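Colleague: Hey, can you work out the whole structure from these sequences and the hints?
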Amino acid sequence: MTANVLLFWEAASSVAGEVNAFFVCMLILCTVVAVGIASFLIYCAIRYHRKAENELGSQTRYNIPAETLWTVVPFVLFIGMFIWGAKMYFDIVRPPDNTINMYVVAKQWMWKVQHPEGQREINELHIPAGRAVKLTMTSEDVIHSFFVPAFRTKQDVLPGRYTTIWFAAQKPGKYHLFCAQYCGTSHSGMIGWIYVMNPREYQAWLTEGAAEGSLASTGEKYFHQFGCANCHNFTNQGRCPDLRNLYMRPVQLTTGQTVLADDSYIREKLRDPDAQIPWGFASNVMPNFTGIVSEDQIVALISYIKALGPAPGTLEPASPGAAPGPYGAQPAAGATGATKAKSQLETR
Amino acid sequence: MIEPLSRKSYTFAWLGLLGLVLLNTLIAFLNLGPWNMIIAVGIATVMASIVAGFLMHALYDSKVVRIVLAGGVIWFLIFVSLTLTDYMTRGWLGVPGK
Amino acid sequence: MIETAVVQTVKKNYLTEKQGILSWLFSTDHKRIAILYTFSITVFFFLGGFFALMMRLELLSPTSWLVSVGTYNKLFTMHGIIMVWFFLIPSIPGTLGNFLIPMMIGAKDLAFPKLNLLSWYIYMLGGLVTVYALFRGGVDTGWTFYTPFSTSYSTTYVISAAVGILIAGFSSIITGLNFIATIHRMRAPGLTWFRLPIFIWSMYASSMILVLATPVLAITLLMVAVERIFQVGIFDPALGGDPVLFQHMFWFYSHPAVYIMVLPGMAVISEIFPAFSRKPLFGYKAVAFSSIAIAVIGFLVWGHHMFVAGESAYSALAFSFLSYCVAVPSAIKVFNWTATMYKGSVSWDTPMLYAIGFVGLFTIGGMTGLFLAALGFDVHVHDTYFVIAHFHYIMVGGTVMAFLGGVHYWWPKVSGKMYPEGIARLSALVVFLGFNLTFFPQFVLGYLGMPRRYAAYPPEFQMLHVLSTAGASILGVGYVLPLCYLIWAWHYGRDAGPNPWRATGLEWKTESPPPTHNFEVTPIVTAEQPYDYEAMKEELQLV
Amino acid sequence: MSETATLACREQFATPEQQRETSSIGMWIFLASEIMMFGGLFVAYSVYRLSHPQAFQEASAHMDILLGSINSAILLTSSLSLAFAEHSAQAGSRNLLAIFLIATMLIGLAFLGIKFTEYYEHYQQHEAPGIWFDATGPHASGIQMFFVFYFVMTGLHAIHMIVGLGILFALLLRTMLGTFTAEYHSPILFGGLYWHFVDIIWIFLYAIFYLPGLHK
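Chains as they are written, first to last, in the working numbering: chain H, 1 to 348; chain R, 1001 to 1098; chain A, 2001 to 2543; chain F, 3001 to 3216.
It is possible that some hints are incorrect.
Taking lysine-lysine and the DSS-like style, the derived pairs with C-alpha atoms no more than 30 angstroms apart in a straight line are [said to hold, decoys possible]:
(1) A:K2417 - A:K2012
(2) A:K2285 - A:K2343
(3) R:K1063 - A:K2285
(4) R:K1063 - A:K2114
Hint data in this document are derived by calculation from the structure and do not stem from the laboratory. Values in this document were obtained by computation on a predicted structure and should not be read as measured data.
Modeller: Okay, here's the thing in structure tokens:
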């Protein structure tokens, strides 16, 4: 039980302290109100207890000042709670720049994690302390939910779509990972551990397990295996877009709209190639890879495209300013991951 | 008691409705981009109001009836607008995936 | 001043007017239909309670020991389905609402008595289809039927359960329709809107939701069934569908459904407080309008079930704000009930004990709702035991307490007999303590991160789970006791007389049990305000 | 209304006027509930229309606009015929009432006949999701979604039509039995409310399923 209480207060991520603070403040406020109401109820029940069988109470019906008071005061307090809750929400869900980007593919009933360096883990996740880690997540079957109580954060993992979660663990340790969204028979078995390590130990762990090369290099393998390279072969003959310098850049579509070439866009191209055709390209050219490429392979391909970097002759790498899209905060993070992965590619 | 409308006014309402079906169909042949859907549903709403107002006598019935009808329509609008708010505002606030 | 003329003594009442089982099964008398409902919901309550008890026993140990993981999933699904659709939603409207609405407004019956009987049959049909699904092997989707698990992955009897709920939904719609039409057009002469008891206002608000939300549930479950039968992807992303849309449609019904469940509870409590304080309900108009406000704003907040489900951040902000708005009318009600006791003549009879318990538990349930409406906090506690504890404080601590309080309050009217006061007070206490022991530890569990719907869990949570299970067994005793002594009292209780509590309201102006047509002469209401205890003075002096 | 007060009404009501008004409110509440039922489908349609715009456009071109337009005109005409029936009932003319009821039912049957012809055409063209469906091309899943909604929504509408025909038939029987008079004919009006409401639903179904595919 004492261990529980310790865990209770453990602020294991950068946002956990704020959640605890909110909880404590709310707890104090609500306890005061609840105790107040309860005492008043008990006081009235005793003080005004019926003495004679034919007794009547006072016949007061309204007291407008009192009623106004207990309408306005709660409302003002509620607005305060809303504002604090909303502020905390953006602290929790908006990732900082410069995150380590990993991919999570959930399926009944396991968590599969892919590190950019190529490590794969199942129901375990090793991360360095003090660094912000961003997970791009999807599911192969039903809805799951990535929940780390010690980090005070959670995000549903949906099939057919990417959602993201981020956290910066504060101190080394071992923390529970739960699936919080009911996902079928072994829902309660879809649990794992997050291992937060010292940065140095983490580096050691990374080098120990780096057997099959980076995620981007795996992606390159698939890029050839699935025949992507036959068309997207960088010669830019006009049939297929050049994928260099694509990631996190705005793409103009045939419809005239502009979309950001983020993870979701690239994933969508494999699933429904003709949905958002870039300007100047024809539809019905690219085959549909639904059912052919798995979610795991898609994230590898995305990492490869991310690592492809700028086109020859383009001096500047993808910079945050170049992407005025809704995910304005991401490119820097993406670029960091990309350069890291790219350097690994080049060393091969 | 609802006073009956004359057969003549029913016939006029019917002719108006047929005219609006024709109008709606003809407009649909023009490519107006997103306006196509807005106009189609708009004309349909006008037609529905004619049916409700005259053929269903909502205009002549008691106030409660009009409140109930308005309630149904307003609740549907609440449903559709708050649901679409989610879909149309994805990505507005710079939170990835939201 | 409420004038009624009970001239001759009535020999026959609604219970003795006709005899035989068929006279019950084909009765269109709202009072008899209320009794039919009481039987059915009692059966479903104890069935759902049995599943809950099995779950609590399973959770005694961190590993799965009593039932298999799959069975546990079916247990919580069936517990949810039966408790929500076959107990909570029809509980107070079907029993007390049916019995009291016509009596409180001085009518002979509801507007559509045949539809009323039909709604009971439809409800029973829905119940039977659901029980059929249960006997074929149950359902394991959770009562929320989240897609794509329910449409493409579950191998259990999802369609039967969905169809059962869909059928029961039509029963809800008919009941709501009947109540609204009755309240609008069947009131006794002189009974204007602001002379109505708050019970009627709250039931009216609840009926609004029944009529406007339930059809959306019907169509959503129909789509789930269509998707399962024809293997087309309405909500399955593999076929171009969107599982989040299912959640929008489901919660558009299911959040207002929370208010369908709790507004009737508030209706009962708003009657008990004045009657046992011998004082008009404080702030009548504010309480009346807050019921309507809850019904309306309650439709605007469903997105708070989806803060981490992938809805847009903008939408989440809007839904969070609206959720705080819906808390205001609830707070107004709590303060007004409390103020009703101030300077009253407070008795400690069982209904009042339940009512005081209700306010305490509903306050805790409501205030933990404020935690959950905070966006950033919900991210942590969403889908944990914190949520479980929160809504059980509202549903069980609120609605079930109110239901039991109401049953005791109107028992003399329904049966003509008094229940045994001593044991009733004791069992009210047992329910209150058992309830808190069951569900308070779950708040702690939730903040510690225990996710809901887990058959097995990490061992550090065991202590709190054991406490909760201990509470559940006490709570179970607290629920069986009233069943026993109320059945006893039906036969052996002492005669109650028309108005044992010296309460106001038209239902107390007629015999107990009431005659088939409720009133010998249609009452004419001349009192300017409801809860007119000034007019009771004469009657009280006679005691 | 003094002469109507002498008419019989059900025992829970004080006057026939109270009975008529209460039933009218009940009927309208039921229709509000129906708005929400179809409303759920309209919401789902809107969401998918936004996420699969091209597919819905393309699929809508597979609709038979001629049959659809004829059906719209037919259904509106049936409403007119029923309005005439109500008028005859209010005038107390039993024969005309029966004739217009029969006419309404026949026109309604014609609507259903055309509707099922369309269904059969779609079936033959392999456009019946879950039964016989193949679509190729980039938007296959979106096209299937369109047809799912087409069948569910028009199917639910057709079920309402069939129920409506049943109601009209019952009203016709009661007319022939001589139940309805100039003073008491409110069931005809309530049947009419339901029928006209079903008409309104079709007006919207026509706009969202048939019209989007007409332009290129």
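Colleague: Now look at each hint and say whether the structure bears it out.
Modeller: Consistency of the hints with the structure:
For the given pair, K2417 of chain A sits about 16 angstroms from K2012 of chain A by alpha-carbon distance, which is consistent with the 30 angstroms threshold. Our distance criterion of 30 angstroms between C-alpha atoms is met by K2285 of chain A and K2343 of chain A, whose separation comes to about 20 angstroms. For the proposed pair K1063 of chain R and K2285 of chain A, the alpha carbon gap of about 23 angstroms is at most 30 angstroms, so the pair holds. Annotation: proposed proximity of K1063 of chain R to K2114 of chain A holds, straight-line Cα distance about 26 angstroms (limit 30 angstroms).
Of the hints listed earlier, there is not a single one the structure fails to meet.
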